Amino acid sequence: MSPAIEAAGLVKRYGETTALAGVDLTVPPGAVYGLLGPNGAGKTTAVRILSTLLRPDSGQARVGGFDVQRQAEQVRRLIGLTGQFAAVDEALTGYENLLLVARLLELPARRAGQRATELLERFGLAEAGGRLVKTYSGGMRRRLDVAASLVGTPSVLFLDEPTTGLDPRSRGDVWDLVRGLVADGTTVLLTTQYLEEADQVSHGICVLDHGRVVETGTPAQLKAKVGGQTVTARPADRGRLADVAAIVADVTGATPAGDRDGSLVSAALPAGTSARTVLAALAGRLETAGIEVAEMGVRLASLDEVFLALTGQLATAEETR
Amino acid sequence: MSPVRAARHSITLAWRNLVKFRHTPDQLLDIVLMPIVFVLMFVFLFGNAVSGDWRTYLQFVIPGIAVQALMFATIGSALALNTDLRNGIFDRFRSLPIARSAPLVGHILGDSVKYVLSIVLVFAFGAVLGFRTHGSLTAILSAAGLMLAFAFATSWIATLIGVIARAPETVQALSLVLVFPLTFGSNIFVPTGKLPGWLQTWVKVNPVTQLSDAVRALLLDAPPGRAVAWSLLWTAGIVAVFAPLAVNAYRRWA
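Keeping their order, the protein sequence lines are chains A and B. Position in the first sequence (first residue = 1) + 39 = our numbering. Position in the second sequence (first residue = 1) + 3 = our numbering.
Please keep in mind that the hints were generated in silico from the structure rather than gathered at the bench. The structure displayed is predicted, hence computed values, not measured ones. For every residue, glycine included, the Cβ atom is placed at its ideal position computed from N, Cα and C. Accuracy of the hints is not assured; some may be wrong.
[Stated by the list, open to error] Derived DEER-like restraints, expressed as beta-carbon distance ranges:
1. B:G91 to A:Q108: 21 to 27 Å
2. A:R94 to B:A52: 46 to 52 Å
3. A:P68 to B:H26: 38 to 44 Å
4. B:I39 to A:R161: 46 to 52 Å
Starting from the given sequences, assemble the full structure and let the hints guide the process.
Rendered as structure tokens:
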């Protein structure tokens with residue numbers, strides 16, 4: 040099957056600033072693809088080009104097989120867009136916002152009203168539907184915004200930082216929604232600064248930094264590629280932390296690190312090391328030393344670790360969250 | 004994009020503006036108050052000075068004030084559009100398969116309610132003070148048609164300003180620089196013959212003068228001369244120049 044989204048060599052400059060410095064992207068149909076990167080990485084610019092809002096300085100992009108520049112109208116028939124800032128009209132009610140989009144998509148009057156009501160119900164806004172949007176909370180606005188982008192049942196949906204500024208529960212709702220859409224066969228391209236988010240919902244991830252793709256792959260591939268595996272151990276008695284760290288260093292041959300609250304020891308497994316051998320050795324040494332553990336194991340590196348390894352900087356997500 | 008579809012999109016977007024007026028009628032306050040303030044101010048401040056007595060002046064000035072109120076109403080439209088463009092909703096419009104000009108045409112169509120309202124209010128308030136028309140029904144309707152057509156034309160200028168201005172303050176500044184010479188540099192308030200010679204040159208070509216003359220002639224049953232033809236010509240000319248400029252600016256705006 041041909042890709043739902045494909046881009047080649049996208050470049051966009053704003054004066055001196057290069058927002059995109061040659062981005063290639065391929066998203067298979069029916070997948071959730073995460074564009075991951077810190078602020079200013081070029082995520083929004085990429086989405087605006089792919090959704091026909093912005094012309095690239097060079098490069099091509101096709102959505103659903105249509106060229107975003109020369110066949111913009113056909114592309115617009117296929118896509119839904121939820122931008123970074125809620126694209127809803129505050130001076131209208133929730134219902135009127137959805138009705139407006141439905142009428143612009145040329146649904147007949149009755150069908151348009153039904154579609155608006157359907158979507159309000161699906162997004163838990165049935166009761167608020169008759170209220171002006173300016174009275175809505177941030178989470179409600181975001182849900183209405185996503186609902187508005189779904190009026191035309193798009194086959195490709197762009198979500199630009201869909202969970203920015205939402206509380207954890209609303210974020211979980213958005214993730215469930217994305218999973219539901221994909222189950223219905225929609226292709227979703229979402230941008231995020233949250234590594235956890237990309238990991239949670241994406242089939243594929245493209246890591247952007249300073250307008251360049253620094254890595255692409257599945258979450259598992261990315262982790263395996265750069266971070267490999269990490270061995271962790273948490274002593275039951277915090278007093279034995281130093282002893283555990285020494286044993287872990289000995290077994291893995293790597294320098295262990297503590298976590299934020301300083302109760303977990305972790306160390307990267309050197310390439311080619313067998314996880315089970317290391318774990319067995321670690322368990323043996325802890326047994327000999329008589330140290331009980333609350334937690335011990337081997338896991339794939341987290342996306343935070345991936346990002347650090349790929350871009351040489353910490354993801355800004357932790358700071359801005 | 005077929006014109007029928009483009010028209011349908013524009014009408015839907017005009018509906019959006021109308022619904023907003025219904026939800027928040029206070030945004031019509033300036034449209035309601037401005038004509039009343041203009042009429043009171045000009046009739047009683049300048050009436051005696053210009054025409055000898057304010058009742059005679061009332062007959063002369065009301066049609067002109069209606070034109071002036073329209074011009075100020077278009078500034079309001081430029082401001083509203085400028086604020087609206089900053090709202091994320093225009094990104095949504097631009098991502099939908101609709102005519103590129105529809106959001107702008109919709110805005111202008113929606114605001115035509117304001118234009119009708121301001122004309123009606125000026126004449127209604129004028130009538131309370133004693134303004135009387137001597138024109139036939141056809142003449143009155145023609146005058147209204149001329150004024151609305153001109154308002155439609157100038158709102159393309161307002162739209163251009165609304166699209167290119169970076170901030171609402173810029174809209175205000177640009178609009179006033181445009182509207183003041185057009186309205187005050189016309190014969191709305193003072194007959195052309197009483198103005199200094201150098202000013203008359205400008206006043207005579209000013210489209211606002213032509214339109215005011217045409218409306219006066221139609222409503223007061225006087226010979227219109229070439230004023231009606233000139234008004235129509237100006238209206239067509241302004242649309243021909245500024246509608247494409249505005250749509251183009253909007254396309255490039257991102």
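These are the hints, each one checked on the structure:
Restraint check, B:G91 to A:Q108: a C-beta distance of roughly 23 Å satisfies the suggested window 21 to 27 Å. Taking the beta carbon of each, A:R94 and B:A52 are about 58 Å apart, not inside 46 to 52 Å as hinted. Hint check: A:P68 to B:H26, Cβ distance near 41 Å, so the stated range 38 to 44 Å holds. Between B:I39 and A:R161 the CB atoms are about 49 Å apart, so this pair conforms to the stated range of 46 to 52 Å.
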